[in-house]
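Asker: Residues per chain are reported as follows:
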Amino acid sequence: MKVTVRLQSEPFDAAVEVARLASGRTDIGALVTFTGVCRGSEDGEPIAALTLEHYPGMAESEIERHVAEANKRWPLLGVTVVHRYGRIEPGENIVLVVTASSHRQEAFAAAEFLMDYLKTYAPFWKQVDKADGKSWVDAKAIDDTAAERWSVSRGGHEAAE
Amino acid sequence: MKVTVRLQSEPFDAAVEVARLASGRTDIGALVTFTGVCRGSEDGEPIAALTLEHYPGMAESEIERHVAEANKRWPLLGVTVVHRYGRIEPGENIVLVVTASSHRQEAFAAAEFLMDYLKTYAPFWKQVDKADGKSWVDAKAIDDTAAERWSVSRGGHEAAE
Amino acid sequence: MNLKLRYFAWVRERVGKPEETVEVPPGIATVAELMTWLASRGEEYAHAFNNAKIIRAAIDQKHVRADALIKGAGEIAFFPPMTGG
Amino acid sequence: MNLKLRYFAWVRERVGKPEETVEVPPGIATVAELMTWLASRGEEYAHAFNNAKIIRAAIDQKHVRADALIKGAGEIAFFPPMTGG
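As you go down the protein sequences, you meet chains L, S, D and Y in turn. Going by the working numbering, the residue at position 152 of the first sequence is 152; the numbering climbs one at a time, nothing skipped. Going by the working numbering, the residue at position 96 of the second sequence is 96; the numbering climbs one at a time, nothing skipped. Going by the working numbering, the residue at position 58 of the third sequence is 58; the numbering climbs one at a time, nothing skipped. Going by the working numbering, the residue at position 15 of the fourth sequence is 15; the numbering climbs one at a time, nothing skipped.
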């Protein structure tokens with residue numbers, strides 16, 4: 001399986017990443033691309049930007065570990081994950097997950113699995129910059145629930161609580 | 001919701017379609033792109049090409065009806081479906097579904113829903129061209145099962161059996 | 001009753017033409033009955049419609065079941081299960 | 001025991017630094033005990049760790065539970081629940 005995991009501050013070009021993964025190949029039948037985009041408002045209030053903090057080293061290894069887990073669960077032909085950090089303005093991309101497989105079900109499942117885990121286990125923290133100041137985004141219960149449906153045996157991977 | 005449904009014989013550029021749907025917008029938080037690609041072999045045998053036959057008029061209206069159904073089920077901000085017909089060689093794209101929403105769950109669900117229905121209800125027929133001649137691809141039970149999980153009340157939309 | 005018929009994929013290949021207009025005899029009310037009548041029209045039709053259970057139909061470009069009534073139909077299409085996507 | 005600590009997001013802001021090396025007193029065996037000790041180190045630490053139940057921890061860049069043993073750890077990080085993706 002062709003794996004690319006990359007963290008960067010600058011925007012990515014999803015099309016370039018997809019081409020890197022898939023062009024010239026005739027084994028891939030299904031390509032799923034997820035792009036997370038910075039929205040211009042949150043809870044009805046306009047936002048100026050997001051700032052993403054991350055834990056260098058751990059972020060890469062956590063993502064790579066989840067890509068390996070996805071590859072154990074589904075017969076994947078390639079996975080690309082790109083996650084940005086730093087300042088991100090509305091309309092800019094934040095995260096990219098590309099999964100390639102022979103058939104669509106596997107590609108969809110792996111992409112959703114990876115996004116659910118990125119949301120809940122990858123060490124990134126979003127700060128939102130609104131007119132009334134900066135504040136840290138709260139983790140959402142819906143994301144924990146989404147991650148739990150994959151019921152990974154996570155060993156020491158649990159939260160400190 | 002911004003909807004594009006298009007049938008064409010020439011290859012599409014997924015990046016161009018995604019940009020048409022999403023560029024300059026700050027309401028979209030999640031973009032899911034599915035690309036179906038012609039594989040170089042089927043059941044272990046190399047193939048020279050696929051030929052897709054379709055029912056002009058009905059194909060567009062079936063797809064548009066399913067896009068409208070997806071938009072009733074999930075709060076979508078945009079959907080693009082492009083489906084090719086005619087001769088398609090290994091490595092070339094066949095079908096594109098792009099869904100945009102505020103949040104990832106809705107975008108993923110709508111894209112899977114549309115693909116499941118395209119596979120089972122859109123009037124397209126694939127013929128595969130192998131060394132030993134051309135043959136029509138059989139419909140797969142797995143695709144019917146995938147479509148059934150959405151349990152749409154389909155009215156007169158059932159198969160003749 | 002004058003009716004436009006369209007055939008796709010291997011139904012088209014077996015019948016040997018993509019479409020035709022036929023004069024349907026009285027007494028044929030449903031899509032299933034229409035297929036039985038078509039199968040009686042010659043060898044190529046028998047070959048196309050001898051396993052009518054797996055053939056799908058559309059009336060005026062909408063999927064219908066075999067028990068759908070053909071009265072008022074402008075165009076009826078016959079084809080194998082779809083394999084798009 | 002000499003230990004490198006790293007803080008992220010609002011834990012970092014409250015503590016007022018991204019990392020530091022501390023001399024952990026004997027008798028502190030788990031991540032939870034380490035947080036309790038840290039909370040006693042001053043106002044900014046109390047503010048950061050007064051709701052320790054929601055703080056997550058990693059030992060040598062792997063997620064751990066609050067009952068994980070800190071013996072042998074090279075680097076321990078504290079941070080709020082993740083909000084990436």
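It should be emphasised that the hints constitute simulated quantities derived from the structure, not laboratory data. In this text, all values refer to a predicted model and were calculated from it rather than measured experimentally. Accuracy of the hints is not assured; some may be wrong.
Said to hold, decoys possible - EDC-like cross-link-like pairs, simulated, lysine to aspartate or glutamate; straight-line CA separation at most 20 Å:
#1 Lys134/S to Glu20/D
#2 Lys53/Y to Glu60/L
#3 Lys53/Y to Glu23/Y
#4 Lys2/L to Glu60/L
Unchecked claim - What follows is a set of in silico ranges between Cβ atoms, one per label pair, in the way DEER data are often shown:
#5 Asp129/S to Ser151/L: 42 to 52 Å
#6 Ala39/D to Ala131/S: 30 to 40 Å
#7 Thr21/D to Pro56/S: 36 to 46 Å
#8 Lys71/Y to Ala141/L: 26 to 36 Å
#9 Gly40/S to Ala39/D: 33 to 43 Å
Stated by the list, open to error - One-sided excerpt, in silico: chain Y residues whose CB lies under 7 Å from chain L:
#10 Phe8
#11 Ala9
#12 Gly72
#13 Met82
Cβ atoms here follow ideal geometry from the backbone N, Cα and C, with glycine treated the same way.
Asker: Confirm or reject each hint.
Answerer: Do the hints match the structure? See the list:
no.: 1; hint: Lys134/S to Glu20/D; result: 25 Å, violated
no.: 2; hint: Lys53/Y to Glu60/L; result: 26 Å, violated
no.: 3; hint: Lys53/Y to Glu23/Y; result: 23 Å, violated
no.: 4; hint: Lys2/L to Glu60/L; result: 16 Å, holds
no.: 5; hint: Asp129/S to Ser151/L: 42 to 52 Å; result: 43 Å, holds
no.: 6; hint: Ala39/D to Ala131/S: 30 to 40 Å; result: 33 Å, holds
no.: 7; hint: Thr21/D to Pro56/S: 36 to 46 Å; result: 18 Å, violated
no.: 8; hint: Lys71/Y to Ala141/L: 26 to 36 Å; result: 34 Å, holds
no.: 9; hint: Gly40/S to Ala39/D: 33 to 43 Å; result: 39 Å, holds
no.: 10; hint: Phe8; result: 6 Å, holds
no.: 11; hint: Ala9; result: 4 Å, holds
no.: 12; hint: Gly72; result: 14 Å, violated
no.: 13; hint: Met82; result: 6 Å, holds
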